[in-house]
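Trainee: Chain by chain, the residues:
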Amino acid sequence: MNFTEHIPILVIALPLFAAFLTPLMGKISRKAPRYFATAVFVIVAFLVVLLANMVYSRGTEPIIYTLGSQNDTIFRIVLEIDAFSIFMALIMAIVSLAVSIYSWAFVDKYSGQDKFYTLLLLVAVGSYGMVLTGDMFNLFVFFEISSIALCGLVAFRTERGESFEAAFKYMAYSTISGLLLLFAVGIFYSQYGVLNIAKIAEGVGSGPFNELNKIALGLLVTVFALKAGSVPFHMTTPDAYSEAPGGVAALYVAASQAGLYALFRTCFTIYRPVITTETIGWVVIILGVLSMFVGVTMALVQKDIKRLMAYHAISQTGYMLLGVGVGIAVLGNPAALDAYGKMAMEGGIFHIINHAMYKGLLFLTAAAIFYRVGTRNLNEMRGLAHTMKFTTIFFMIGALSIAGIPPMNGFSSKLMIYESVYQFSPILSAIAMLVSVLTLASFVKVFYSAFMGPKNEKVDAKEVPMSMLVGMAILTGVIIVFSLFPGLVVDTIIKPAVEALLHGWPIAGGM
Amino acid sequence: MFFGIDTGSGVWNAVMLLLFLAIAILIAFLLRSMGIRGHRKRVHAGEPFYFGNEVPESAYIKASNVYWGFIKAMEKYYKPVMAEHTGNVNDYMAWLVLTMAGILLVIFFM
Amino acid sequence: MIGNAPYIVVGFIIFLGLYTAIFKRNLIKIVMGITLVESGVNLFLITLGYRTGGGAPIFTQATNMHMVLPTPQALTLTSIVIGVATTALMLSFIVMIYKHYKSIDAKDVRRLKG
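If you read the sequences in order, they're chains A, B and C.
Here the first sequence stands for residues 869 to 1379, where the numbers follow our numbering.
Here the second sequence stands for residues -13 to 96, where the numbers follow our numbering.
Here the third sequence stands for residues 6 to 119, where the numbers follow our numbering.
Careful, some of the hints might be misleading.
Covered stretches of chain A (in silico footprint by chain C; criterion: 3 or more residues with CB under 8 Å from a CB of chain C, positions within the stretch not fixed) [said to hold, decoys possible]:
hint, region
1, 1031 to 1042
2, 1350 to 1356
Here are the simulated DSS-like cross-link-like pairs (lysine-lysine), alpha carbons at most 27 Å apart as the crow flies [stated by the list, open to error]:
hint, chain 1, residue 1, chain 2, residue 2
3, B, K62, A, K1330
4, A, K1326, A, K977
5, B, K62, A, K1171
For the record, the hints were derived by calculation from the structure and aren't laboratory data.
Every residue gets a Cβ at the ideal spot worked out from N, C-alpha and C, and that includes glycine.
For reference, chain A alone in the conformation it holds in the complex:
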């Protein structure tokens, strides 16, 4: 038996198995679950890198892993991995590793650490599953795993009523959307008798764009936009982000981006042949522009630091929807696709990884402030830069990056979006720039009120413990590398991802 052949399933199975082993580790000692879970995250990150190496060496041909016998592959449970899937898995690998190390110190004062790490591993399972699967029904199952585990994490601090309120609202939303996703899966099954995404795509492409497929497309766009937290489905997102304990909000960013993955997979891989008009592209663009604008303006008036950042997460999701939405809009027009559509998609997809890194970092710094100051209210903070020097530096790097200030990585991806979207529609590009300015404004507000000013003598705001600094430093390191070498990143991981999206999936293949 060849080990490398089974890496795709190990990426999902290993954390799943480890998740249920973690409570047992809790019996050994109080600190065993955290080291165990982090070790698993390290191994999974290593496996993802190995898998990425395999995927990139194959070009646009995806890896198809079949569970069980290799006959009749379209009826079996398959994992289908191309450059875009592995790109999302890489994001999850980096963020989950940083969050698990960060949480060592953060959850130390809480009871039930073993359960915390179990849920953390399950979120990773859900996200890895969503991005690696080649099967519509498994997409639903992993969607639910990730939602349920995230809700459990949001409700982790049982002493607060608000955490249950946020968890309930998010749960109600994601359950309804999961059921709508299942309904869409049923529609596909009724027509083609299969659940394999590649086979469904063949079926959709072979006929005219019939009514059932239109209903399924509408449902899928709604469901995945909700998972990604786009306006107007954003209402529960700030609640859940702000109530999630500590670093979980950073993991939440990466997990909600699995929704973006599924949305783009639906539009490109399944519906590619029937999208000939700009309609569906405009739906995605309008969702994106609304998210950008409403998100950033709502962020400007917040006084809870994590809520403010959560609204920015919504706003930044808008950039990705805008960039890739332009790509979807020009799908039926190969000349425009080559001229600026691909560049817009590259910008949007580059923004996904940038966003996961800097927004993850910002959420970690916000949680570090909460850890020391004990409040999330910006009105009650001041002068933290005097004592929390490293946190201040990390916050500055994250804030400059999210505001798109050169030379940070946020600027590179935003530049790609501005310039390509300008050729599609100048007004959209102008809105994107305006939103970027407002983003900077609201982070100036956070920086001013939390870090600047004379020291607050009443609060003992020491620097946070080592493990939290290491968690933040991992993400900062990635941001700095991405800032200095954007060309390298675009060439090695972004362009193959775009090519993979445009290329589609073959029906069957092998390792």
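Following the hints, put chains B and C in place on chain A, whose structure we already have.
Mentor: Just chains B and C now, with coordinates in the frame of chain A:
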């Protein structure tokens, strides 16, 4: 392209920017070193001053006060948008169903 | 016409569930609405699985060899299991919300807004 990206209508290179920034800072320091020495260091510089008294808590500008003018000027936009974020699960469900209906209508009839 | 009856029932149940989730203020009733949507979707999957004249896909004591594909039943089982988990989790959230807020009215449970 190892360092930079080419967007088709523009070029971006972070390393080049940092290089120019370093040169600019070097020139600034050269100019500074040509200045007059013996500058008197100010006492109590940068410390909060409140007419010689202890600074009361209310004297600090809080986060809620920042951008007050902007928010006041944009009140027409903010009032309805803030009012939509009711915190009520029923309203959220209604938004979900209405938007889904809207998306389905657009896909059907366009 | 009679062949389409299950689909009409599916549409009706899902509509009823969404209506409950939107217009009932009691959180437990909202969960009931979500469960109704789930039942509707499950019924939809089961309906898809049936073909006229097909038998149950049990090979050992089959009377006729025209069997339906068991995939939709398997999907429905999985979906029911997930539904149990989500419903239980939501109801336990409601219990905890009641402990903290002393109310399960959706218009009282809104400390997080804006």
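Trainee: Hints first: check each against the structure and report whether it holds.
Mentor: Hints, one by one, checked against the model:
Counting residues of the region 1031 to 1042 of chain A whose CB falls under 8 Å from any CB of chain C gives 8; the rule of at least 3 is met. With a threshold of 8 Å between beta carbons, the proposed coverage of the region 1350 to 1356 of chain A by chain C is violated, since 0 of its residues qualify and at least three are required. Taking the CA atoms of K62 of chain B and K1330 of chain A, the gap is near 42 Å; set against the 27 Å cutoff, the hint is violated. Under the criterion of a C-alpha separation no larger than 27 Å, the hint pairing K1326 of chain A with K977 of chain A is consistent with the structure, at around 22 Å.
Among the hinted pairs, K62 of chain B with K1171 of chain A is consistent with the structure: their alpha-carbon atoms are about 20 Å apart, no more than 27 Å.
Hint compliance for this structure: hints 2 and 3 are not met, and every other hint is.
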